[in-house]
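J.: Sequence:
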Amino acid sequence: MAALALVLLAAGCGGSDDAPPTPDPPAPFAGCAALGAPPPSAAPVELAGPGRPLPEVVLPCFAGGPDVSVSAIRGPAVVNLWGSWCGPCREELPAFQRFADRAAGKVTVVGVDIRDSRSAASSLGADLGVTYPNLFDPSEELRAKLGVSALPATLFVDRDGRVRHLYNSTALDDATLATLAAKHLGVTLP
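End of the sequence shown = 190 in this note's numbering, gap-free, step of one.
Simulated from the structure, these hints should not be mistaken for laboratory data.
Quantities reported herein were computed from a predicted structural model and do not represent experimental measurements.
Glycine is no exception: its CB is placed at the ideal position from the N, C-alpha and C atoms.
Don't take every hint at face value.
[Claimed, not checked] Derived Cβ-Cβ restraints for the label pairs, each shown as a range:
#1 Gly129 - Pro60: 33 to 43 Å
#2 Pro138 - Thr188: 18 to 28 Å
#3 Ser139 - Gly31: 27 to 37 Å
#4 Arg115 - Thr188: 12 to 22 Å
#5 Pro66 - Ala175: 20 to 30 Å
#6 Asp160 - Asp127: 33 to 43 Å
#7 Ser139 - Thr188: 12 to 22 Å
#8 Ala120 - Ala150: 14 to 24 Å
#9 Gly64 - Ser169: 13 to 23 Å
#10 Pro66 - Pro138: 16 to 26 Å
#11 Ser169 - Lys145: 13 to 23 Å
#12 Arg98 - Lys183: 26 to 36 Å
#13 Ser139 - Ala72: 27 to 37 Å
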């Protein structure tokens, strides 16, 4: 028996405290501190039409910290309204994460979790690896002020905080999201 214990220890199967700890999975959703400022490399872009201002709605940051005034978000930004209960939303969230990764420093990506529980949204965010900032809107205040009847919905917001385009249809994929950002925000990504 002692020989078996020595073999297991030598093979690394012992209860050594020197083993590296198993890392916790990353927490979903980043903080919201930078949402009131345009991305650092965002240059002003001339776009047709005045757009409409983001609505006056104050929502909590999903990750905690101070509440965020939606009307203070400056672009170029893509604001995606979603819920864990919404099939097309679940389908498009990975595309938004890939877009956020590619657009870092050029476009701000913000999610707004609508009519949901924190636990369901957090679980989905963790499962899908969503790390961009998210706001929490369980009472659907932003959706109502925008006049949107169904999710998913995506806003393309300019440097002045004006909505240049509202996409409210099927789940967005990588190519369509990039095309809409180029068309409505003047931002082309690699």
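J.: The structure should be examined with respect to each hint, and the outcome stated for every one.
T.: Hints, one by one, checked against the model:
1. Gly129 - Pro60: 33 to 43 Å: violated (22 Å)
2. Pro138 - Thr188: 18 to 28 Å: About 36 Å separates the Cβ atoms of proline 138 and threonine 188, which means 18 to 28 Å is violated.
3. Ser139 - Gly31: 27 to 37 Å: Cβ of serine 139 to Cβ of glycine 31: about 22 Å, so the range 27 to 37 Å is violated.
4. Arg115 - Thr188: 12 to 22 Å: violated (34 Å)
5. Pro66 - Ala175: 20 to 30 Å: violated (36 Å)
6. Asp160 - Asp127: 33 to 43 Å: The hint (33 to 43 Å, Cβ to Cβ) holds, given that aspartate 160 and aspartate 127 are roughly 36 Å apart.
7. Ser139 - Thr188: 12 to 22 Å: violated (37 Å)
8. Ala120 - Ala150: 14 to 24 Å: holds (19 Å)
9. Gly64 - Ser169: 13 to 23 Å: Violated, at about 32 Å.
10. Pro66 - Pro138: 16 to 26 Å: Holds: the Cβ-Cβ distance is about 18 Å, inside 16 to 26 Å.
11. Ser169 - Lys145: 13 to 23 Å: With a Cβ separation near 20 Å, serine 169 and lysine 145 satisfy 13 to 23 Å, so the hint holds.
12. Arg98 - Lys183: 26 to 36 Å: violated (19 Å)
13. Ser139 - Ala72: 27 to 37 Å: violated (20 Å)
Consistency with the previously given hints fails for numbers 1, 2, 3, 4, 5, 7, 9, 12, 13, ordered from lowest to highest.
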